[in-house]
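**Student:** Given next are the chains, with one letter for each unit.
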Amino acid sequence: MSTIPITHFLYLALILFGIGIFGVLARKNAISVLMGVELMLNGVNINFLAFAKYWNWYSLTGPVFVIFVITVGAAEAAVALAIIISVYRQWKSANVDEVHYLRD
Amino acid sequence: MIQYSWLIPVLPVLAFAIIVLLARNFKKLSAFISVLTMAVCFLFSCGIFLDLLKLDPSVRLVSMSWSWLAVPPWEAHIGVLIDPLSVNMLLVVTFISLLVQIYSLGYMHDDERFSIYYSYLSLFTASMLGLVLSNNFLQIFVGWELVGLSSYLLVGFWYFKPEAAEAAKKAFIVNRIGDVGFLIGVVMIGMTFSTFDFAQVQDLAAQGIANGTYRTGFIALITLFLFCGAIGKSAQFPLHVWLPDAMEGPTPVSALIHAATMVAAGVYMVARTYALFSTDPLSMTVVAYVGGFTAFFAASIALAQDDIKRILAYSTVSQLGYMMLSLGVGGYTPGMFHLTTHACFKALLFLGAGSVIHAVHTNDIWKMGGLIRPMKITGVTFLIAALAISGIPPFAGFWSKDEILSAVQNSTISGHNLLFAAGLFTAFLTAFYMFRLFFVVFLGTSPDAQDHEVHESPWVMTVPLMILAFLSITVGWINWPGFDAFSKFLYYGPQPRLENFNGVTAFISSLVGLFGIGLSGLFYYWKVFSAEKFSEMFKPIYLLLKNKYYIDEFYDWIIKKIVFGLASIFSWFDKNIIDGIVVDGTGWTTRKLGGLLRLTQTGYVQNYALVIFSAVALIYLLINF
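If you read the protein sequences in the order shown, they are chains A and B.
First residue of the first sequence: 210, per my numbering; consecutive thereafter.
First residue of the second sequence: 20, per my numbering; consecutive thereafter.
Be aware that a few hints might be false.
[What the hints assert, rightly or not] Covered by chain B, per the in silico footprint, the following chain A stretches (three or more residues, Cβ under 8 Å):
(1) 230-237
(2) 296-310
[Said to hold, decoys possible] If you anchor each label on the Cβ, the simulated ranges turn out as follows:
(3) B:L616 / A:A235: 22 to 30 Å
(4) A:I213 / B:S633: 28 to 36 Å
(5) A:A235 / B:L612: 25 to 33 Å
(6) A:H217 / B:N643: 16 to 24 Å
(7) B:L612 / A:I213: 53 to 61 Å
(8) B:T605 / A:A235: 39 to 47 Å
(9) A:H217 / B:V635: 20 to 28 Å
(10) B:V635 / A:I292: 22 to 30 Å
(11) A:I228 / B:T605: 45 to 53 Å
(12) B:G599 / A:I228: 28 to 36 Å
[As the list claims (entries may be wrong)] Computed far set for chain A versus chain B, every beta-carbon distance over 12 Å:
(13) V246
(14) A259
(15) S268
(16) P272
These are computed hints drawn from the structure, not numbers from a lab.
Bear in mind that the values here come from a model prediction, so they are computed numbers and not experimental data.
We put the CB at the ideal spot given by N, CA and C, even for glycine.
Based on the sequences and whatever the hints tell you, model everything.
**Tutor:** Written out as structure tokens, the structure reads:
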């Protein structure tokens, strides 16, 4: 199992994270932004597990942390969807460009 | 009694405070408090005088100081100096002040602000006494400014009259100009001698001059700065312009402040610091020439004035010039003697003029005439004062003026013959304009313009006149040749200087005075010559004198063109650069910057997220590369 170099996993995590950032920063639809956030979380998870596997096989710290991230990610996704639905009800649009009431 | 002499300035201050705080609405009470205080001060001064006489002449100097302001290691003192000079001034100030306050009971009787008037008089007297009793330069400066303030308050007493308000401002501002020089002198003294005390400065200066530690002319420079203050306060040329305008104030005020006391403060100061002045012939020459010129200059202006008080004002300026002239040629005692006699007859002249003004309600001498018939006491006392000021023996003015002329004649300063001639000619002019005033106002016929009954003033006004008339006759006799009580009391140096009585000078000066009176009579009484035709013949000179040599207009031009011109440059700088660039500019810059920074608040959450992620990347790069 350790014949695959760790860097492969890290690159995969980086790519996933990067795609996630792209989604967060550059998508118009709020749900797309949410999907980007989920991708970022998954990238980070793979990072944790890669290091857990290659550096300290017997420690449970890595995997436990990953479980936390998945759980919190799920909760956060639920909350975020609820907010998006509220915003949609108020301003009739899920477009982040149009909901800029933090300004002026 | 000398150890309680510090009370003398304190009592009038208390009177001022009590009247202002408690007795404002009680006219009789305020006047009573003020007059009583002044009477007590006068008796106190007499007591101190007698106490001083008991001391041997070589130790007649008592100085007491208390700590006033301490900034370690330096300390400012407030103190009292009792010596013949200050005691002389004490007697003059308290006595004349007392008479003026009694006189004012009648003169200011109907005024609404009667109590405030008496409070100001008390304040003035307190300041003057504080000045006269000071034993150090700081205290004399404080007293100096306070008398200037009191003068402002009293000249502008009828502040609702625009001329009075203007005159008060003019008096204070012109005084202030002189005071700049005075302050520079005081500061130089403090820096050079590390002390302000008169006695210590005198000793240190004498030592320093003997050792040659000062640059040539350094002490002279200090004295010239101090003299600037005297020029302002004693209305010498070129800062004389405030005194005639100050006649807008009530006449008793003119008698007290602008004849007998405040304007004498400059002469007093020169006498007090005589140790510094007498060391350098330059200072003495400047003092003598300023005084001599002023004496002649003011007398010439008085010839062409028609307002009774203005004639007397210029007369005061002229006589103060005599005093300065005397001090400048080394005549310490004659100068102070003239100050004392002048206080008596000038106060009498002003109070007499007040009596006249009170009766006929005008200041213009040509609207008056023949007043000696209804106002006998005023007329006779005025005549006595006029004879005194003209230097006719045996009246008081003769003795002091003659001593001054002798001192000028015997002095060694360059051009003393010119000064002597000027002094003599001025004596002639003095007699002329004084009797012009007397003949026009008191003798002759009354013009038809007088439509109301003219009667003599009440006794509160005439009794001071009589007392001063008595003094104007007798006070000169204190220094009768051979008796010389004044010269033996008040002198500069280790020994009194008893000048021999020069009969020739005395005869010439009396003759000159009589000539002045006689010529004036020919013009204004017997009307052998016509004054109008004479002034028509010499119209340019007449206009020059009547318009006071146009000096006021000249100063006005200087103020408008130069002072306001400079001020407008600074005003432009202040409005456009300070206010515009610094203040408004800062605001403008802040707002513009704010406007720029506002653009970062887009409201788009994605923009914010972008900033966060870029910052993380940037920090990573900065840390690792």
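**Student:** Is it true that I213 of chain A and S633 of chain B lie within 28 to 36 Å of each other by Cβ?
**Tutor:** Holds, since I213 of chain A and S633 of chain B (Cβ atoms, about 33 Å apart) stay within the stated range.
**Student:** Taking beta carbons only, do three or more residues of the segment 296-310 of chain A come closer than 8 Å to chain B?
**Tutor:** holds (count 4)
**Student:** Given a hinted range of 28 to 36 Å, is it respected by the beta-carbon distance of G599 of chain B and I228 of chain A?
**Tutor:** Violated - the Cβ-Cβ distance for G599 of chain B and I228 of chain A, about 56 Å, lies outside 28 to 36 Å.
**Student:** Is 22 to 30 Å a correct range for the gap between the Cβ atoms of V635 of chain B and I292 of chain A?
**Tutor:** 25 Å Cβ-Cβ, so the 22 to 30 Å window holds.
**Student:** Does the claim that S268 of chain A lies off the interface hold, with its Cβ farther than 12 Å from every Cβ of chain B?
**Tutor:** holds (26 Å)
**Student:** Between the beta carbons of H217 of chain A and V635 of chain B, is the distance compatible with 20 to 28 Å?
**Tutor:** holds (24 Å)
**Student:** Take a look at whether the Cβ-Cβ distance between L612 of chain B and I213 of chain A falls inside 53 to 61 Å.
**Tutor:** holds (55 Å)
**Student:** Three or more residues of the segment 230-237 of chain A near chain B by CB distance under 8 Å?
**Tutor:** holds (count 4)
**Student:** Lying within 39 to 47 Å: is that true of the beta-carbon distance T605 of chain B to A235 of chain A?
**Tutor:** holds (41 Å)
**Student:** Do H217 of chain A and N643 of chain B keep their Cβ atoms within the hinted range of 16 to 24 Å?
**Tutor:** At 23 Å between Cβs, range holds.
**Student:** Confirm or reject: A259 of chain A is not an interface residue toward chain B, with every Cβ-Cβ distance exceeding 12 Å.
**Tutor:** Non-interface label on A259 of chain A holds, nearest chain B Cβ at 20 Å vs cutoff 12 Å.
**Student:** Using the beta carbons of I228 of chain A and T605 of chain B, state whether their distance is inside 45 to 53 Å or not.
**Tutor:** Holds, since I228 of chain A and T605 of chain B (Cβ atoms, about 49 Å apart) stay within the stated range.
Checked against the numbered hints above, the structure violates hints 12 and 13; every other hint is satisfied.
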